[in-house]
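J.: Sequence:
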Amino acid sequence: MRRIIGVVAFGMLAAGCATSKMEKQIDPLKERMTALEQQQAAVTSKLDTQTAEMEALRRSLEQNTAAAARSQDAAREAQLSAARAEEAAQKSAKAFELTQVKGARKQ
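For the sequence shown, full-length UniProt numbering begins at 1 and goes up steadily by one.
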């Protein structure tokens, strides 16, 4: 009976020492895992921020492209209007000259 109690007591002491040694070996691993998890969270957060910024830039680029297209259309319209105005001015100048010539003939 004493032997059994002795063996059980020795087993419990040995198990306690083994657990203590394992904890000493596992603790550095836990710390590394925690550090890696924190780094991963920081990278994920940074990636989310950059993704949001990239999407905002994409929208801004689309808006700027549309605005540039509208500006080009407006510039073409302005050129056409200027050409029509020039043509009208030339017609007016010719009409004025004809009026001057007719007025000079009447005198």
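These aren't lab readings, by the way, just hints derived from the structure by calculation.
Certain hints may be false.
If you anchor each label on the Cβ, the simulated ranges turn out as follows [said to hold, decoys possible]: (1) A74 <-> E37: 54 to 64 Å; (2) D27 <-> A66: 54 to 64 Å; (3) M33 <-> S71: 54 to 64 Å; (4) S71 <-> A95: 57 to 67 Å; (5) T65 <-> E86: 28 to 38 Å; (6) T65 <-> A89: 29 to 39 Å; (7) R59 <-> D27: 44 to 54 Å; (8) G103 <-> A66: 47 to 57 Å.
For each residue, glycine too, the CB sits at the ideal point set by N, CA and C.
J.: The structure should be examined with respect to each hint, and the outcome stated for every one.
T.: Structure-based check of each hint:
1. Remark: the range hint 54 to 64 Å for A74 to E37 is upheld by a beta-carbon distance near 55 Å.
2. The beta-carbon spacing between D27 and A66, approximately 59 Å, falls within the hinted interval of 54 to 64 Å.
3. Taken as a hint, the range 54 to 64 Å holds for the pair M33 and S71, whose Cβ atoms sit roughly 56 Å apart.
4. At about 36 Å, the beta-carbon gap between S71 and A95 misses the expected band of 57 to 67 Å.
5. Distance hint check: the CB atoms of T65 and E86 are about 32 Å apart, consistent with the given range 28 to 38 Å.
6. Distance hint check: the CB atoms of T65 and A89 are about 36 Å apart, consistent with the given range 29 to 39 Å.
7. Hint check: R59 to D27, Cβ distance near 49 Å, so the stated range 44 to 54 Å holds.
8. Taking 47 to 57 Å as the suggested C-beta distance range, the pair G103 and A66 conforms, at roughly 55 Å.
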